[in-house]
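Enquirer: Here the protein sequences come in this chain order: D and H.
Residue 184 in my numbering sits at position 184 of the first sequence; the count goes up by one each step and never skips.
Take the position in the second sequence, starting the count at 1, then add 1000; the result is the number in my numbering.
To be clear, the hints were calculated from the coordinates, so they are not data collected in a lab.
Note that CB positions come from ideal geometry on N, CA and C, so glycine has one too.
Any given hint could turn out to be false.
What the hints assert, rightly or not - Using C-beta positions, here's what the derived DEER-type ranges look like: (1) Glu1107(H) <-> Lys58(D): 55 to 61 Å; (2) Arg1102(H) <-> Ile22(D): 40 to 46 Å; (3) Glu1098(H) <-> Glu111(D): 48 to 54 Å; (4) Pro27(D) <-> Glu1098(H): 20 to 26 Å; (5) Glu11(D) <-> Asn1004(H): 22 to 28 Å; (6) Glu139(D) <-> Arg1102(H): 35 to 41 Å; (7) Asp1101(H) <-> Leu44(D): 41 to 47 Å; (8) Glu28(D) <-> Asn1004(H): 31 to 37 Å; (9) Asp78(D) <-> Glu1107(H): 49 to 55 Å; (10) Asn1004(H) <-> Arg137(D): 27 to 33 Å.
Stated by the list, open to error - Here are the computed lysine-lysine pairs in the DSBU-like style, where the Cα-Cα straight-line distance is at most 30 Å: (11) Lys148(D) <-> Lys1082(H); (12) Lys62(D) <-> Lys1104(H); (13) Lys1082(H) <-> Lys33(D); (14) Lys1003(H) <-> Lys189(D); (15) Lys1104(H) <-> Lys189(D); (16) Lys1082(H) <-> Lys188(D); (17) Lys1082(H) <-> Lys156(D); (18) Lys188(D) <-> Lys1009(H); (19) Lys1104(H) <-> Lys179(D); (20) Lys188(D) <-> Lys1074(H); (21) Lys1009(H) <-> Lys189(D); (22) Lys156(D) <-> Lys1074(H); (23) Lys15(D) <-> Lys1082(H); (24) Lys157(D) <-> Lys1082(H); (25) Lys1082(H) <-> Lys179(D); (26) Lys157(D) <-> Lys1074(H); (27) Lys1014(H) <-> Lys179(D); (28) Lys1014(H) <-> Lys189(D); (29) Lys15(D) <-> Lys47(D); (30) Lys179(D) <-> Lys1074(H); (31) Lys188(D) <-> Lys1003(H); (32) Lys1104(H) <-> Lys188(D); (33) Lys1003(H) <-> Lys179(D); (34) Lys1009(H) <-> Lys179(D); (35) Lys157(D) <-> Lys1014(H); (36) Lys1003(H) <-> Lys148(D); (37) Lys156(D) <-> Lys1014(H); (38) Lys1074(H) <-> Lys189(D); (39) Lys1003(H) <-> Lys33(D); (40) Lys1014(H) <-> Lys188(D).
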Amino acid sequence: MNETKVKNILEEFSKSWPADRIDYRRPEDESWKIYGLSLKELLLEDKKAVPELEAGLKAPNKQVRALCSRALGFLNADASVGGLADAVYNDSWETVRLLAADSLGMIFTAEAKEVLNNALEREKHKDVKLHIRIALRRENGLEEEAVKSLVFIDEKKIESIIIGAPSPDFTLRSCNGSKFTLSDYLGKKKIILIFLYGDG
Amino acid sequence: MRKNIEIFKELDTKPVFIVPHEKVRVGSWKELAGDSITVLADSGFYVSMVYGVAFQMRIHSDTSNTPGTFIIGKDGLLKWAKIGEGRNNFHDRPSYQEIADRIKQTEN
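Sequences are here, hints too, so could you generate the full structure?
Expert: In structure tokens:
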């Protein structure tokens, strides 16, 4: 039953994210929402999704392989180190190798670290090498509380910003570990929110 | 960069940077953080999804946020927003001076 559900999620995702997709924002293109919602649905399936996600690491569509690589880390799938090792060593697309490295860092077992050390020796791509190094310098595994916030997202809240309306409230951890809640600043200060993208 | 950001302090405005990664990957953005500047880790993409910027740009071989800038008044209302679009979305973002000018036009 769950196998079918995960297969369906990946099939639907594949329609919006074909292998030749160009990853930039185009007006009226809402496939980015499909990305987030697919990831949410996979996380809701929890560990039951793992076998199909491992199979997805071999999918012909590289975007599906990338999504599966990311989801396995978010699920802390420690039994999937072998599949992720194959992805980080051998996948033809650097994005899959990079996300597999992220996930191995999140899984954080001795076996995962050994794979990352081996991958660092053979990897040539600078972006992937950077992700492997970041994964190896982690002091902890998955930051579960934060990562799983996506599970609780209400579809109606996605892109729910309207000029002149209340700004959507949220709470996040700062890079120093303290909690930040937007509404705490109500009546006190103007806020400028700047969303960043790549690694710092 | 820090000097540019300090202009927001003079405008009674708190700059908040949101990075779509776990804290471990916030990296050098962390150096920006201080009393007046906050750097947040949106590792579950929740806030990036709510504000409509998630998964829209390929950068450093990853699928990440498109640039997004939002001004929120003291009354909690969203006053101004700019979301990077198009083939050059990396460059489709306001300068710090433009943001400062927009803040000056924001009364509450």
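Enquirer: For this structure, which hints from the list above don't hold up?
Expert: Result: hints 2, 5, 12, 36 and 39 break, sorted rising.
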